[in-house]
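S.K.: Here the protein sequences come in this chain order: A, B and C. Going by the numbering used here, the first sequence opens with residue 5, and the numbers climb by one from there. Going by the numbering used here, the second sequence opens with residue 400, and the numbers climb by one from there. Going by the numbering used here, the third sequence opens with residue 94, and the numbers climb by one from there.
Please note that a few of the clues may not be correct.
[To be verified] Only pairs whose alpha carbons sit at most 25 Å apart, straight line, appear in this in silico DSS-like list of lysine-lysine:
#, chain 1, residue 1, chain 2, residue 2
1, B, 427, B, 642
2, A, 77, A, 91
3, C, 95, A, 182
4, A, 130, A, 77
5, A, 195, C, 95
6, A, 77, C, 180
7, B, 426, B, 416
8, B, 427, B, 664
9, B, 449, B, 416
10, B, 752, B, 426
11, A, 61, A, 135
12, A, 172, C, 95
[Said to hold, decoys possible] If we take Cβ atoms under 10 Å as the criterion, some of the chain B residues that face chain C in the derived model are:
#, residue
13, 407
14, 608
15, 611
16, 636
17, 637
18, 645
19, 650
20, 663
21, 697
22, 698
23, 700
24, 701
25, 741
26, 802
27, 803
It should be emphasised that the hints constitute simulated quantities derived from the structure, not laboratory data. Just so you know, these numbers come straight off a predicted model, no measurement behind them. Ideal placement from N, C-alpha and C gives every residue a C-beta, glycine not left out.
Residue-level listing of the chains:
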Amino acid sequence: MTKQETNIIAPTLATRRSPLYRRHLQYQAHFKQVGDNIVVDSYPNEGAINDEIEIAKSMGLCDLSTLDRTGFKGVGTPQWLASQSFKVPVLANTAEEQSSQSLLIKLSAQEILVLSDLLFLSEDVKRLYQKAVENHQSYDQQIYNLPRNDSHCWLAVTGINATELFSKLCAVDLRSHKFVQGAVAQTSLAKTNAIIIRHDLNKTPCFYILSDISGAEFLWDCLLDAMSEFHGAPVGLSALQTLASNQ
Amino acid sequence: MPFGLLKYGLTKKYPAKHHFTPEKALKKHYDVVIIGGGGHGAAIAYNLAKYHGVTNVAILEKSYLGGGNTARNTAVIRSNYLTESGVNFYSESVKLYNNLSNEFNYNVMMESRGQLTLAHSDAAIRSFRWRAEVNQHLGVRSELVDRQSIAELVPNLNMSEDARYPIMAGLWHADGATARHDAVAWGYAKGACDRGVELHQLTEVEDIIIANGRVNGVKTNRGTIHCGAVVQAVAGASSIVAKKAGIALPIHCYPLQAMVTQPYKPILTPHVSSPQVHVYVHQTSRGEFVIGGGSDPYPLYNTRATLDQRETLSAAALELFPFLTQARLLRQWAGITDMTPDYSPIMGLSPVKNYFLDAGWGTWGFKATPICGVTMAALIATGKVPDLIKPFELERFYRFEQINEAGATAASH
Amino acid sequence: MKLLSCPLNGLRNISEFTYGGEYHPTPDHQTTSSRDWAEHVFFHDNTAGIVIEWWCHTPSSFWFLAERNTLTDEVVRTFTPDELYTKSIIQHETKPETTP
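With the rest of the complex left out, here is chain A (with noise of 0.2 Å):
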C-alpha cells in the first residue's frame, strides 16, 4: 500500500474544491496535494496506477477542476501577453504551448485563457494573476480579467478512442485529421456549452474541456455514461502526469 500516505488528504481540506469532489469520494478516489492544490491521485478500486494508465490510453477521464488558470479579455489583451514574452496564438481557436509548458488559448480576436500544465512546471498563471492584481487599474488599456477558475469546471478525456466518445455527444468533427493538435472548440457538448482543447499528452490523445461549473455534475455523469460503452473509466491526475511526462 504505498498510496497510504495519501489516502488520508480529504479534497475538503483546501479551500479550492473541485465541484466533483462528492464524485470522486463515491469512486474513493485517494488525493494528493501539490501546492495549494487537492487533486485525484487515483482511484485504487479501479485498479492500480498501472491500470489507470492502460486505462488513460484507451479511454479516461480526469478532472482537473482544482488546476490552475487564468485569462483576459479585451481589446489591449493580445499585445499585453506578447509584452510579457509569451508567445500568443495568431488564429482564433488555436492553442499554443510555451516553452514554459503552460498553454495559451486564443478563444477570440480578443480573449486568451491560459492554463497551468499538468506537471506543475510552469509558473505563468500566478504570475499573470499576480500582475492582474498589480495592473487593477488598468482599464484605460482594456484589460480585463476573465480567469475562469471558479466559473468553469476542467476535465480532460484522454486516449484513442476518444475521438469515438465525441462523436456521440458532440456535431463538431473532433477527429484527429481534422482537429490537430492544438485546435480549440466552442461548442455544444452533450447539450451543455464547452470549450474543447485538444492538447495531446505525448502520443497519446487528449481533450481538455471547460465548461459551466454548474453543470460539471451533469457532464460529468454524461461522459462516463457515454463511455461505458468503450470501457472508459475515471483516471487520476498522477496516470496523466506520467503519460506528459514519458516520452
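Given the coordinates of chain A, work out where chains B and C should sit on it, guided by the hints.
M.R.: Only chains B and C this time, still in chain A's reference frame:
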C-alpha cells in the same frame, strides 16, 4: 339512405343554400372594411351587423375564410390568465363561447373539458397559487391541485417521481374548453353574411389610402374601395398590413408548431399543459392527440414544419404520456404568431383616424374570438373604446405600461 | 439541423446560437425622448424579407450580425459588428459631457 341522398342531389333543392356571399364584384363604397377573413374578422362583422345595424361591411380575405391562423391554432379556450385585465377579458370570451352554438343556431362543438397546467418546480407552484387567487377573485374557476388530485383527473399521466421533471402540483381550470375552430369562423361569417355583410375571398389589400391622418379606403387586387372605417384582423401579417397604413407595431412573428397523431379511442378528457417541458396535449373529439407548444427560436414568416420541433415536442409529450410512444403522427404544421413584448394583444385605436387595430394575438387569439368581435364592433360603431379593451391599446408601450401576461402559453416558455 | 455560420467559430448547428433581435442603430442616450426610446426598445420592423439581425454564438458568447430572409429562412451572410461599428461605443460613452 343512399337513394334518398341521390334523389336529393338530383332535385332542384340542390345545391343547398350558400352560407357565404357568392362571388360578386366589389362595391365602390362600404361603411366598414375588415381586412382579414378569419375568426376575428368574421366576429367583428357579425357583431356590427347583428347588434349595431352596420351592414354595409366588406370582409376582405386574401385567401379563403378561416384559412389562416384560425385554421392553424390548436383550439384551446381558457381564461386562467394572471393579470386582472387579461382574466376579465378572456373570461368574458369563455362565457360567450359557452352560448355560441345557441347564438348561431350552428354547432361549434364546444366541449368544456377543463384544463390542467402542470408545475414541476416550487417557482411554478408559487405562480400557480398567484394565478388561482387572481382567477377566483375575478370569478374564474381555477384552483391549485395536489399530485393525488392530478392522478385522479388524468389517470394516464406520468406521475413517476423518477421523471426528469416530476410533477409537483397543478393548476386546475374547470372552465377550460375546446371548440371546432372552423365552425367558429363559419358560424360568425354565416351570421354576418345572412345580415348583408359581404365576404370577399381571394381579395388582398395592397395599400391603404390615408388623407389628412384619416383612412379613406383600400386598394385591393380587385380594385379600389372607399370606406369610412378600416379594421385590420390579420394575425401573422399584422406588421405587414399596419405598415401600409404607416403604423409600426411592437410585434415579432414566430412560427408556432404543433402536430397530431392518428385517432385513438377517447382516453384523455382535459387539456394538459406543461410550461416546463414545453408542451400541451389534448385529445380531440375525433380522437387525435394534439401536441403543441413549440415556438421556433427566432422570427420567421414561414409555416414549414421542422424535425427539431418534432423531436422536442415528441420527447416532451412522451415525458407526460409514455403510452403515446406507439402513436403515429398524422401531420405537423405551423402557424405564425404575432408576439408582443408583454404577451397581451394590441386592440383599439391607432395613430390613423378610423383605422382600428386587432393585432398582437400571439398564442391567445382563438380563445378571444367572441369577445374580440363584441368589443371591436362596439368601438367601430360608437367610436368609444370599451373598458374591457382599454388596457390593450397600442399607446401603452409609449407610456411603459405593459400588461405582463405571464399566464400566456408562450410566456411560460 | 439547420446550420449557421459564425464569423468566429464557423459552421455550427443552429441550436448553438441565440437570436438577439433586429439591428437598429442605438439612439443617443443624452438627446432621445422617452417616446423614441419606447419605440427603439419595443417596436420592430418585423420585415418579411431580408433583414439584418443580431445573433450570439452561445458557447463562445460571440455576438455577430446576420442578413437573413425571414420568408425563406435562408441566411444571406454573417459578419462581425466592426463592419457597422467603426467607433468604439466605450469611447463614445466616456467622452466628456458638454451640457449638464
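S.K.: If a hint holds in the structure, say so; if it doesn't, say that too.
M.R.: Evaluated hints:
1. B/427 / B/642: 24 Å, holds
2. A/77 / A/91: 16 Å, holds
3. C/95 / A/182: 22 Å, holds
4. A/130 / A/77: Distance of about 17 Å is within 25 Å: holds.
5. A/195 / C/95: 16 Å, holds
6. A/77 / C/180: 19 Å, holds
7. B/426 / B/416: 23 Å, holds
8. B/427 / B/664: 53 Å, violated
9. B/449 / B/416: With Cα atoms ~20 Å apart, residue 449 of chain B and residue 416 of chain B stay inside 25 Å; holds.
10. B/752 / B/426: Satisfied, since the Cα-Cα distance of roughly 22 Å is no more than 25 Å.
11. A/61 / A/135: Not satisfied, since the Cα-Cα distance of roughly 37 Å exceeds 25 Å.
12. A/172 / C/95: 19 Å, holds
13. 407: Violated, because the Cβ-Cβ distance from residue 407 of chain B to chain C comes to roughly 46 Å (cut-off 10 Å).
14. 608: Since chain C brings no Cβ nearer than about 22 Å to residue 608 of chain B, farther than 10 Å, the hint is violated.
15. 611: Result: violated, 22 Å to nearest chain C Cβ.
16. 636: 8 Å, holds
17. 637: 8 Å, holds
18. 645: 13 Å, violated
19. 650: 5 Å, holds
20. 663: Violated, because the Cβ-Cβ distance from residue 663 of chain B to chain C comes to roughly 31 Å (cut-off 10 Å).
21. 697: Given a least distance of 4 Å, the restraint on residue 697 of chain B holds.
22. 698: For residue 698 of chain B, the interface hint holds, since the closest Cβ of chain C sits about 6 Å away, which is under 10 Å.
23. 700: The hint holds - residue 700 of chain B has a Cβ within 10 Å of chain C, the shortest such distance being about 5 Å.
24. 701: Hint holds; residue 701 of chain B Cβ to chain C Cβ min 6 Å, cut 10 Å.
25. 741: 9 Å, holds
26. 802: Result: violated, 13 Å to nearest chain C Cβ.
27. 803: 13 Å, violated
Hint check: violations occur at hints 8, 11, 13, 14, 15, 18, 20, 26 and 27; the rest are consistent with the structure.
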